[in-house]
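Here is what each chain is made of, one letter per residue.
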Amino acid sequence: MCLAVPGLVVSLEERDGTQMADVDFGGVRKDVCLEYIPDVQVGEYVVVHVGFAIQKLDEQSAKDTLANFERMGVLEEEFGDGFALAAKQAGVEHEAATEGASR
Amino acid sequence: MKYLDEFSDPDLAKKLLDQIHEVTTQSWAMMEVCGGQTHSIIRHGIDQLLPSGVELIHGPGCPVCVTPLEIIDKALEIAKRPEVIFCSFGDMLRVPGSSEDLFQIKSEGGDVRVVYSPLDALNLARENPDRQVVFFGIGFETTAPANAMTVYQAQRLGVKNFSLLVSHVLVPPAIAAIMESPACRVQAFLAAGHVCSVMGTQEYPPLADKYGVPIVVTGFEPLDILEGIRRTVIQLEEGRHELENAYPRAVRDEGNVAAMTMLRDVFEVTDRSWRGIGMIPQSGWQLSEKYAAFDAEHRFEVTDIHTVASPLCRSGAVLQGLIKPHECAAFGKECTPRKPLGATMVSSEGACAAYYTYRRLELVDAHE
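Chains A and B, in that order, give the protein sequences.
Here the numbering used here is used: position 84 in the first sequence is 84, and no number is missing along the way.
Here the numbering used here is used: position 58 in the second sequence is 58, and no number is missing along the way.
Derived from the structure by calculation, the hints contain no laboratory data.
Incorrect hints may appear among the rest.
Said to hold, decoys possible - Cβ pair distances, simulated, as ranges: (1) B:Gln202 to A:Gln41: 20 to 30 Å; (2) B:Arg131 to A:Gly17: 17 to 27 Å; (3) A:Asp16 to B:Ala292: 21 to 31 Å.
To be verified - With a cut-off of at most 35 Å between alpha-carbon atoms, the simulated DSBU-like pairs for lysine-lysine come out as follows: (4) B:Lys324 to B:Lys339; (5) B:Lys324 to B:Lys14; (6) B:Lys160 to B:Lys290; (7) B:Lys333 to A:Lys88; (8) A:Lys56 to B:Lys210; (9) A:Lys88 to A:Lys30; (10) A:Lys30 to B:Lys80; (11) A:Lys30 to B:Lys210; (12) A:Lys63 to A:Lys88; (13) B:Lys290 to B:Lys15; (14) A:Lys63 to B:Lys15; (15) B:Lys339 to A:Lys88; (16) B:Lys324 to B:Lys15; (17) A:Lys56 to B:Lys15; (18) B:Lys210 to A:Lys63; (19) A:Lys56 to B:Lys80; (20) A:Lys88 to B:Lys210; (21) A:Lys56 to B:Lys160; (22) A:Lys56 to A:Lys30; (23) A:Lys63 to A:Lys30; (24) A:Lys88 to B:Lys80; (25) B:Lys210 to B:Lys324; (26) B:Lys333 to B:Lys160; (27) B:Lys333 to A:Lys30; (28) B:Lys290 to A:Lys56; (29) B:Lys290 to B:Lys80; (30) B:Lys14 to A:Lys63; (31) B:Lys14 to B:Lys339.
Claimed, not checked - Every beta carbon over 10 Å from chain B, so not counted as near; a handful from chain A, in silico: (32) Leu3; (33) Asp16; (34) Thr18; (35) Asp31; (36) Ile37; (37) Pro38; (38) Val42; (39) Asp58; (40) Ser61.
All C-beta atoms in this analysis are idealised placements derived from N, C-alpha and C, irrespective of residue type, glycine included.
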């Protein structure tokens, strides 16, 4: 829950007066709010927690961490379907997850 | 050293471990605060690679686990209402309330949705003006800026059908509470890295001083944890008790100033109950007066809550580091991830879940 994942800033966009970015996490793309790291540029890496960049990170560290997280299955936990994961844990059919899971 | 080849850089892991073994002359007990670190430690067997007297005590840093039963029950009541779209992080779905969990509410027809970011919940509110959209705002200082920004945006954009069910908790008061406990065995702390990415490190030197404990800001990957332990053991052996930052690539001493400014505007410090532990003074955040209109507890006035905690569950003792998960009689028997008695058995940061996932077989073998 306090996990934060490094990602590459692919593009910037202002939306409703809020600085947002398209961020690539080892192939998974997410909308990320940049309001807390306002001086970030396209091509830089940021540490992202629940859709918010909280610090910058150098490229090598970011790549190392992403590779580590991928190996440990952390990316699946962070970006996978929450209902599917819960269903698996509960040992039930993944029926509830067919709608509404925007994760 | 059966796990070493699973480290991303086995040579560096060996070097760090050799140094830890070299400097250690006596037994030490240190607490890793963060549940993410607990999982990394158990998964990679880091505790089993340390000198025999160096013990890692697992701390209360699993926000899902410490969210009070009363708040979970309120969440479940709110999520059942037909006008409500109840949004949460996926980690919360299977946390047991007194009789149900969010996953069951969903299967019974409740509109429960898992979102990646609280801003996704705000967008749902804008797309569904005739529904009430509630976001379950739990977490430590790492998560609070996201929820703060979302409430700020809700007010700025006039999204009146959005609200936040808040149960934020804070690390420094928890460290103080652990050190004040008469049963405390903790001699040092590995502080949670990403909490400090947001808040910086300034809150910790006074705690290190007051309680005479080294506090080392530590990351989450296995090598980060070894480095945090190495620095902690060196301080302990040298009789020092200082704040050190072993995770400088993601933690600046000043923290994230923009995030802290937003936190001060949206939240105010309050007393909080921690599930299994009890009330810790000034240990959480609630919405400040200015944003009180977005407080789901007020908006829905759920009053008739009678919590029923499992008499078998010892998650409170686990969260305080008083016992290890398998020392609970219900572990792996009455309590499993499929039928959890406490949140620590289902959260991805819960210590019981870590032991169940990575140690179950060897613990059973040892027992037999």
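Against the structure, the hints come out as follows:
1. Judged by the Cβ atoms, the range 20 to 30 Å given for glutamine 202 (chain B) and glutamine 41 (chain A) holds: they are separated by roughly 28 Å.
2. Checking the proposed 17 to 27 Å range against arginine 131 (chain B) and glycine 17 (chain A) shows it holds: the Cβ atoms sit about 24 Å from each other.
3. At roughly 23 Å, the beta-carbon separation of aspartate 16 (chain A) and alanine 292 (chain B) lies within the given 21 to 31 Å, and the hint holds.
4. Note on lysine 324 (chain B) and lysine 339 (chain B): the hinted pairing holds, with a Cα-Cα distance of about 19 Å set against a maximum of 35 Å.
5. Between lysine 324 (chain B) and lysine 14 (chain B), the direct Cα distance comes to roughly 26 Å. Compliance with the 35 Å bound is thereby established for this hinted pair.
6. Straight-line distance between C-alpha atoms of lysine 160 (chain B) and lysine 290 (chain B) comes to about 14 Å, which keeps the hinted pair within the 35 Å bound.
7. Simply put, lysine 333 (chain B) and lysine 88 (chain A) have alpha-carbon atoms about 19 Å apart, close enough for the 35 Å limit, and the pair holds.
8. Of the pairs offered as hints, the one joining lysine 56 (chain A) and lysine 210 (chain B) holds, with about 32 Å between alpha carbons and a cut-off of 35 Å not exceeded.
9. Restraint check for lysine 88 (chain A) and lysine 30 (chain A): the C-alpha separation of about 24 Å stays at or below 35 Å, so the hint holds.
10. With a C-alpha separation of about 30 Å, the suggested pair lysine 30 (chain A) and lysine 80 (chain B) falls inside the 35 Å cut-off, and the hint holds.
11. Only pairs whose Cα atoms come within 35 Å are accepted, and lysine 30 (chain A) paired with lysine 210 (chain B) is rejected, the gap being roughly 43 Å.
12. For the suggested pair lysine 63 (chain A) and lysine 88 (chain A), the alpha carbons sit about 30 Å apart, so the restraint of at most 35 Å is met.
13. Restraint check for lysine 290 (chain B) and lysine 15 (chain B): not satisfied, since their Cα atoms lie roughly 53 Å apart, outside the 35 Å limit.
14. Taken as a hint, the lysine 63 (chain A) and lysine 15 (chain B) pair is honoured in the structure, with Cα atoms around 22 Å apart against an allowance of 35 Å.
15. For the suggested pair lysine 339 (chain B) and lysine 88 (chain A), the alpha carbons sit about 12 Å apart, so the restraint of at most 35 Å is met.
16. With a C-alpha separation of about 28 Å, the suggested pair lysine 324 (chain B) and lysine 15 (chain B) falls inside the 35 Å cut-off, and the hint holds.
17. For the proposed pair lysine 56 (chain A) and lysine 15 (chain B), the alpha carbon gap of about 28 Å is at most 35 Å, so the pair holds.
18. For a cut-off of 35 Å, the pair hint linking lysine 210 (chain B) to lysine 63 (chain A) is broken: about 39 Å separates their Cα positions.
19. In summary, the hint linking lysine 56 (chain A) to lysine 80 (chain B) is not supported, as the alpha carbons are separated by about 40 Å, beyond the 35 Å threshold.
20. Between the alpha carbons of lysine 88 (chain A) and lysine 210 (chain B) the distance comes to roughly 45 Å, so the proposed pair goes past 35 Å and is violated.
21. For the proposed pair lysine 56 (chain A) and lysine 160 (chain B), the alpha carbon gap of about 33 Å is at most 35 Å, so the pair holds.
22. Between lysine 56 (chain A) and lysine 30 (chain A), the direct Cα distance comes to roughly 17 Å. Compliance with the 35 Å bound is thereby established for this hinted pair.
23. A threshold of 35 Å between alpha carbons decides the hint, and for lysine 63 (chain A) with lysine 30 (chain A) the separation of about 17 Å falls inside it, so the pair holds.
24. The suggested pairing of lysine 88 (chain A) with lysine 80 (chain B) holds, with an alpha-carbon distance near 23 Å, which does not exceed 35 Å.
25. Between lysine 210 (chain B) and lysine 324 (chain B) the CA atoms are separated by roughly 27 Å; this keeps the pair inside 35 Å, and the hint holds.
26. The suggested pairing of lysine 333 (chain B) with lysine 160 (chain B) is violated, with an alpha-carbon distance near 46 Å, which exceeds 35 Å.
27. Among the hinted pairs, lysine 333 (chain B) with lysine 30 (chain A) is inconsistent with the structure: their alpha-carbon atoms are about 40 Å apart, more than 35 Å.
28. Distance restraint check for lysine 290 (chain B) and lysine 56 (chain A): the Cα-Cα separation of roughly 31 Å lies within the 35 Å cut-off, and the hinted pair is therefore satisfied.
29. Between the alpha carbons of lysine 290 (chain B) and lysine 80 (chain B) the distance comes to roughly 28 Å, so the proposed pair stays at or under 35 Å and holds.
30. Note on lysine 14 (chain B) and lysine 63 (chain A): the hinted pairing holds, with a Cα-Cα distance of about 22 Å set against a maximum of 35 Å.
31. Restraint check: the Cα-Cα separation between lysine 14 (chain B) and lysine 339 (chain B) comes to about 39 Å, which exceeds 35 Å; the hinted pair is violated.
32. At roughly 5 Å from the closest C-beta of chain B, the C-beta of leucine 3 (chain A) falls inside 10 Å, breaking its exclusion from the interface.
33. Look at aspartate 16 (chain A): its CB is around 6 Å from the nearest CB on chain B, not clear of 10 Å, so calling it non-interface is violated.
34. Once the 10 Å rule is applied to beta carbons, threonine 18 (chain A) is inconsistent with being away from chain B; the minimum gap is 7 Å.
35. Against the 10 Å criterion, aspartate 31 (chain A) falls within the reach of chain B, whose nearest CB is about 7 Å from its own CB.
36. Distance to chain B contradicts isoleucine 37 (chain A) as a non-interface residue, since its nearest Cβ pair spans about 8 Å, not more than 10 Å.
37. Look at proline 38 (chain A): its CB is around 7 Å from the nearest CB on chain B, not clear of 10 Å, so calling it non-interface is violated.
38. No Cβ of chain B approaches the Cβ of valine 42 (chain A) within 10 Å, the least distance being about 20 Å, so the stated non-interface status holds.
39. At the 10 Å boundary, the C-beta of aspartate 58 (chain A) falls inside the reach of chain B, the nearest C-beta of that chain being 7 Å off.
40. Interface exclusion of serine 61 (chain A) from chain B breaks down, the closest Cβ pair being 5 Å apart, not more than 10 Å.
When each numbered hint is compared with the structure, violations occur for hints 11, 13, 18, 19, 20, 26, 27, 31, 32, 33, 34, 35, 36, 37, 39, 40.
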